[in-house]
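Listed in order, the protein sequences are those of chains P and B. Residue 176 in my numbering sits at position 176 of the first sequence; the count goes up by one each step and never skips. Residue 1228 in my numbering sits at position 228 of the second sequence; the count goes up by one each step and never skips.
Simulated from the structure, these hints should not be mistaken for lab results. The beta carbon of each residue, even a glycine, is placed where N, CA and C say it ideally should be. There's no promise every hint is true.
Said to hold, decoys possible - Listed next, the stretches of chain P that the computed footprint assigns to chain B, with coverage defined by at least 3 CB atoms under 8 Å from CB atoms of chain B: (1) 252-265; (2) 268-280.
Said to hold, decoys possible - Cut-off 25 Å, straight-line C-alpha distance, at most; resulting in silico cross-link-like pairs (DMTMM-like, lysine to aspartate or glutamate): (3) B:Lys1195 x P:Asp235; (4) B:Lys1082 x P:Asp325; (5) P:Lys253 x B:Asp1110; (6) P:Lys253 x B:Glu1134.
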Amino acid sequence: MLNYTIRRLNLLFFTLLVLSVVSFSLAFLFPGDSLTNLSGVKSPTPIQLASLQESYKVDSNYFWQYIAYLRLLLDGDWGISFTSQQPLLDDLSTTLPATVELSTYAFTLAILIGVPCGIIAGLKHHKIFDFSILSASLLGYSVPVFWLALILIQLFSLQLSLLPLSGRISLYFDVPIQSGFIIYDIFQAENIDKTAALRDVFFHLILPTLSIAIMTGTIIIRIVRRSVLNVLEQDYIKAAYGRGQTNAQVFWKHGLRNSLLPVLPLIVTQFTTLLTNAMIVEVIFSWPGIGNWLIQAIYQRDYPAIRGGMLMVSSLVIMFTISLDILIRVIDPTKGRKIRVAV
Amino acid sequence: MALLDVKNLTLEIDTANGWINVLDKVSFSINNKEIRALVGESGSGKSLVVKAIVGALPERWRIKADRMMWQGEDLLNMRQDKRRKITREQIAVVYQNPATSLDPSATLGDQIMEAVSSKLLSRGWFWQKQQQREKIAITHLHKVGIRDHKTCMDSYPHQLSDDVCQKFMIALALVSQPKLLIADDPTMAMVPSTKIQILKLFKHLNQTRGLSILFVSHDLLSIFSMADSLTVLYCGQTVETGKMDKILKRPLHPYTQALLDSAPSFSKGLERKTDLPTLEGTIPPLQHLPIGCRLGPRCPRAQKDCVKTPEERRIHEHFYRCHFPIHRPTK
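Start from the sequences, fold in the hints, and give me the full structure.
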């Protein structure tokens, strides 16, 4: 177990290192002066320029420049944005929580839909219920996310006027940003009607969450269904039937755990797809998240922002995946390789 | 009355070449307190017979039988929950492959405690019942020769070696105190000394508790040492059934004869370094099963009539399916 954790952390370290190399090289690959791209200061005064050249070690070779860059990254100085002239890390710390919040809800929803539906479809194999879930899921993951989001807006916001069109919360509510997680911020805020604000946030969440969750949910349905079918064919399930256990006993005691354990890693990998979809959907719903922010940065050729955003998103994905890998390893007993010989 | 009476059990499975009878009119019966051996080569359908009895076959396979009676009750036409109740309380199976027949994600302790029938527990609160279950489980683990019950019960199947798992399967089968034990190659992965222990345990349970055993194996020596009666299976057909001593003394079917000859301990006067007598050819693959008597192409006594499936004939308690039996005058 310790061995495994160390191996995973080792992987994490080197991947992050490679990512930082890539982000560093971006500054040289983008058009314009590399120092400007790194620092984000467009027209520095001579004094500023001197101090920037000093801190980025422009005079030494690439390797020492990279080391200097790494040191600045770790110090929290990621440069400033061309457009907002704010430190990048400040921008990221307000936009990233919005995205994390949205994708967490969507992922939870996807699992809540996907796992039970997949299990039922697996148990009712080749019956009408199975076929209807399968066709629904085929439809679900064939529909492009951005198109689905537009259709949902068209239907629920414009035609039926049930749900708000865009944003995280109505402008009536003045919620000061503290953590960036809107629900936490509402509880921290003063002088607002908290229940009304929460209701409003909830209504704003419905459409973007749905449009992201549907695709991932349908994929999870298929993964889980396949795994349930696979497990039901195993010898130990037949043996449990042979021991005279009822269908319910066999499923709850032997079927469920064995079919969910192998799909956990597969479901985790879906998080990456989900995050990408979330970034697209953010643009459509004007969600103040990192996807929206990054695409604005690309439109405006805000090179430091592109570099910082890319580094932030990819590190987030990798840390998330690796920590879940370790978690799965902890809860999955079949993964332990400890052999006991003498009994 | 027989404990288990199977007559003309036929199992059809769906393959790429259409439906194939993998079991073709298998008949045998097990009396109370009897040890019956079911012998056959690998691939002769022994394990399928076992699975058909307890209903652990895929649902799309077709299973038919003239009768499959458990103490006078028809197993095939009864309600599923009733059948499960019978298999839970009165029949126990030791499966052939311990590694795949145990739940990989549950500890062995959980699995054996779950199999302890609540009938065996005296009244008490549920935590007391849990302790009683554990106690019963531990006694049975000791019985099959697992001394370190704690390690065993805390382990997952993949952490233990195959022979420990196999012993555990036997304990798991015995813990529900069945009337009939179906042991499918129970001593496969074991070293000879443990094998003898297990066989002794079976024999002992048979004598003291009146446990009937269907002993499925191809290990002729252990079969001859303990079984009362014998059923020989070839390619899904029962070729001969009868009392052990009768069959040993005078086998009627050429296949039984060949089987006995192939075991060195039974062929007398075998010169050193001579080949063991064997039948020509190999057991046919599923998609090329011969019509009629399936031994036909390999049988030294085969004649034209053998393309018709021979009917079951009997001499007292000795059944055989052959047109031209050994030791019998042909018509």
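Against the structure, the hints:
For the stretch 252-265 of chain P, the proposed coverage by chain B is satisfied: 5 residues have a C-beta within less than 8 Å of a C-beta in that chain, meeting the threshold of three. Counting residues of the stretch 268-280 of chain P whose C-beta sits closer than 8 Å to any C-beta of chain B gives 0, which falls short of three, so the coverage hint is violated. A hinted pair counts as satisfied when its Cα atoms are at most 25 Å apart, and lysine 1195 (chain B) with aspartate 235 (chain P) qualifies at roughly 24 Å. Of the supplied pair hints, the one linking lysine 1082 (chain B) and aspartate 325 (chain P) is violated, its CA atoms being roughly 44 Å apart against a limit of 25 Å.
Distance check on the hinted pair: lysine 253 (chain P) and aspartate 1110 (chain B) sit about 10 Å apart at the alpha-carbon level, within 25 Å; holds. For the hint pairing lysine 253 (chain P) with glutamate 1134 (chain B), the CA-to-CA distance comes to about 18 Å; that is within 25 Å, so the pair holds.
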